[in-house]
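Q: As they're listed, the protein sequences go chains U, W, B and A.
Residue numbers for the first sequence follow my numbering, beginning at 289 and rising by one.
Residue numbers for the second sequence follow my numbering, beginning at 289 and rising by one.
Residue numbers for the third sequence follow my numbering, beginning at 289 and rising by one.
Residue numbers for the fourth sequence follow my numbering, beginning at 289 and rising by one.
Rather than coming from a laboratory, the hints here were simulated on the basis of the structure.
Built from N, CA and C at the ideal position, the CB exists for glycine as well.
Please note that the accuracy of each hint is not assured.
Under 10 Å between C-beta atoms, here's a sample of chain A residues computed to sit facing chain U [what the hints assert, rightly or not]:
hint	residue
1	M289
2	D339
3	F341
4	Q353
There are 4 protein chains.
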Amino acid sequence: MDIKLKILKKRKFKNPVLICGMPGSGYVGKLAADHLLNIFESSAICEIQSDYFPPQIATNKGIVQTMSNKVYHIETGKTKNDILVLTGDSQPITERGNYLVSEKIVEYAKNLGIKKIFTLAAYITGEFVNEPKVYGTATEKKHVRILKNKGVKIMNQGMITGMNGILIGTAKIKGIEAYSLLGETSGYMIDPKSSKAILESLSKILNLKINLKELSNKIEEANELINQVDEMKTKTEGIEYSNRDNSSQYIN
Amino acid sequence: MDIKLKILKKRKFKNPVLICGMPGSGYVGKLAADHLLNIFESSAICEIQSDYFPPQIATNKGIVQTMSNKVYHIETGKTKNDILVLTGDSQPITERGNYLVSEKIVEYAKNLGIKKIFTLAAYITGEFVNEPKVYGTATEKKHVRILKNKGVKIMNQGMITGMNGILIGTAKIKGIEAYSLLGETSGYMIDPKSSKAILESLSKILNLKINLKELSNKIEEANELINQVDEMKTKTEGIEYSNRDNSSQYIN
Amino acid sequence: MDIKLKILKKRKFKNPVLICGMPGSGYVGKLAADHLLNIFESSAICEIQSDYFPPQIATNKGIVQTMSNKVYHIETGKTKNDILVLTGDSQPITERGNYLVSEKIVEYAKNLGIKKIFTLAAYITGEFVNEPKVYGTATEKKHVRILKNKGVKIMNQGMITGMNGILIGTAKIKGIEAYSLLGETSGYMIDPKSSKAILESLSKILNLKINLKELSNKIEEANELINQVDEMKTKTEGIEYSNRDNSSQYIN
Amino acid sequence: MDIKLKILKKRKFKNPVLICGMPGSGYVGKLAADHLLNIFESSAICEIQSDYFPPQIATNKGIVQTMSNKVYHIETGKTKNDILVLTGDSQPITERGNYLVSEKIVEYAKNLGIKKIFTLAAYITGEFVNEPKVYGTATEKKHVRILKNKGVKIMNQGMITGMNGILIGTAKIKGIEAYSLLGETSGYMIDPKSSKAILESLSKILNLKINLKELSNKIEEANELINQVDEMKTKTEGIEYSNRDNSSQYIN
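Bound-form chain U, shown alone:
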């Protein structure tokens, strides 16, 4: 099999933009992508199967689900750009797999006439953040400036690992404008607050209204969990988390 890209729907799109939210730290990117699929009407247009994914299947209500990534078209109403969303069950598990699957997707995107690719990712801080900032990187200086103008902090130096990094790296090689938006997150738990921050930035950049209400419930649930953790922390006063050091930032 290697990598199989199955076209589910053949359609032409107007100045299409691809937004990628893969599972990773804090599920920041995947939560954001899933939110877009929830609030807008969406239909899958392409499915990626690969033996680079983990060797397993999932069940949902007893029905076998094979590992896959999918590209969806979401109906955002009259906008300048048609919006496509990439998300999936898993990233490839080997290093080469990350390159090969990303390359296949970027080729598909290029054939589809995609003008811009965004990856949504996590910027790990090692501590809980009340108001997560959004960091950004882009393929060219003038695109970095666009991010800056929209209030995104520029990621001066750092690494983005996995598909969130390789997708924009491959886009650069193939001459497609690409961006990564990384929301600050502790790295300790699922973080819808960080996903919301990313979507707010994306909303400004794409000039696209995104209803963020449904993310609020998830944020409150997460906050309760953090409070519980904080209480536990108070009880063990004087003991420092080994990972609370800002200097050991890991991004993906």
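With chain U fixed as given, assemble chains W, B and A onto it according to the hints.
A: Just chains W, B and A, lined up with the frame of chain U:
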């Protein structure tokens, strides 16, 4: 070599069904498959060799045995379906190997006209179970209903790793009806009781009489071992097994 | 590169036999092969290079040595069989590499008209052995009988990992008579005594005189080391080695 | 992708020599290569991209940087040899990747008419060294003599792992004269002093003036760090570093 599928016997089968029992947790699936080969007359019809298997050979009474998987035809008497059984020395050791070997086998099954594939696997509970339940998953909603009607508990959400999962996932992709039956087992030791429970379910689903007497001896042996472990546990009262937590279920 | 087999000398051989001694536990096989190259006049006839070997080079007196396996012809005088010896710097480091390199070598051996392949390996006991026994396995029942007749103990059940196993497994698949001779060894240190025991068995099987004097020095050196270890052991009386249990035998 | 070698500038060179400084222990080789690019005018003539590199991108002032190795031409003024320098973000992460990328580079070098290849590497001592010696190895006896004549200590026996080793090994196989120069270094930290020592040797061998002033600042910074470590050591007097033993030398 990669993967070599050697046809040992060329034959036509009537509505053939493939039952797969690979070595895995508790040897639940392999014990069940081996039992079928023991109680029915069987002949190997196909051998799979691959450099994705562990790099080793086994000896049996001094004779070199290369690693392989084999498909057998078992003589079950006059039934609606011819029954084929897949089992072997080992699953592939790399992730891609699991996909590639499974794909080869499902292709072979398709060419043979296989109508249904069953994988027999373990549902790990982390504690010893007196009357193991059988969980199931299938490729389509209507097939899930069949399992339900035969008393199989439906696996609502979970993962099936390795060939037991990939075989039915690949079957789904290639349009073959497929099922996995997973017997509850502790995950600590070889578990013929779980294998028996699976075969009882399989017997109902296929409407096939399976003599289960020979499994009883093995169950008694296993029970004795459990009793010894339990005694040791009583002696070390107050000490809990670190893995006895029900929440950490792992399935394969 | 993958695997490159470079013919260094093209020659016809009379009933040639291939003896393989790869580096492994106790260097039992490699020491034996090197001894053959030392006592007989030898010339390399084939070199195997591969990117499955460890990614490194060695230096010898400042000169770069690339990783390789080599086949040598040794001049044993007038015998029934021409004798070839395979040894090298390293076994492949990945599982597939073990299969692929072994396959290449067995194909080469087949083209050369090799009638019999022997691999020389270690049978790990977990404790120091005064008079190491030699275990054996072969591709067919009648060949097992030959080993028995020459005083080799038959390896009833067990695994042989790495090239020592795969070479005879591949030979079996390709229809070449093959044997493995495994000398008992502790698994803790280099063991020329075990190599000597293997060569004594090989000498009987091939009806080939092998001068074993030069191995004696090495055995004495090793014995001194064992005595030192034993003294240390006496001083720490009452403390048992964790691996001294005979039941946990590992063979390669 | 596998490995993509992109020619950035097509030019003919006069008796060209390739100097390779890849990231590794103490950054000894990379620091040396970077120094050459800093003090001489340089232009990239070839870029190597590969999915054997780590699956990540870096950002620099917000701009996406894909992983790569590059070959540069440096303007050294009127010398007997045109000088090319290879360096990059990373070595391949798999064993085969090391072989395949190195082979691609040596092929490119051969087509370019490269007469000599040097790799610059670290010789790990396990303790801080005041005046690091430079060890060397070469593809042939007569080339080893050249090193000796220039004051390089000959590496009698040892291993060189990764591209620093494979590049000269592959060069040997393809008939190109090749050398490795290894500067003594502790293995604990970045070591510009070792890089300087290597460049002094290289300067003599190539009869090329190399301004080493800029490395002095880096050495002073590193010395301060070592002094701090030494102070800490004095305070914990009597406690020995576990790795201070000269016998456990590891080279790469």
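Q: Given M289 of chain A was flagged as interface, is its beta-carbon under 10 Å from a beta-carbon of chain U?
A: Status holds, d = 6 Å.
Q: Does D339 of chain A hold up as a contact with chain U if the rule is Cβ-Cβ below 10 Å?
A: holds (3 Å)
Q: Return the status of the interface hint for F341 of chain A: holds when the least beta-carbon distance to chain U is below 10 Å, violated otherwise.
A: holds (8 Å)
Q: For the hint on Q353 of chain A, just tell me whether its beta-carbon gets within less than 10 Å of chain U.
A: This interface hint holds because 8 Å falls under the 10 Å limit.
Every hint from the earlier list agrees with this structure, and none is contradicted.
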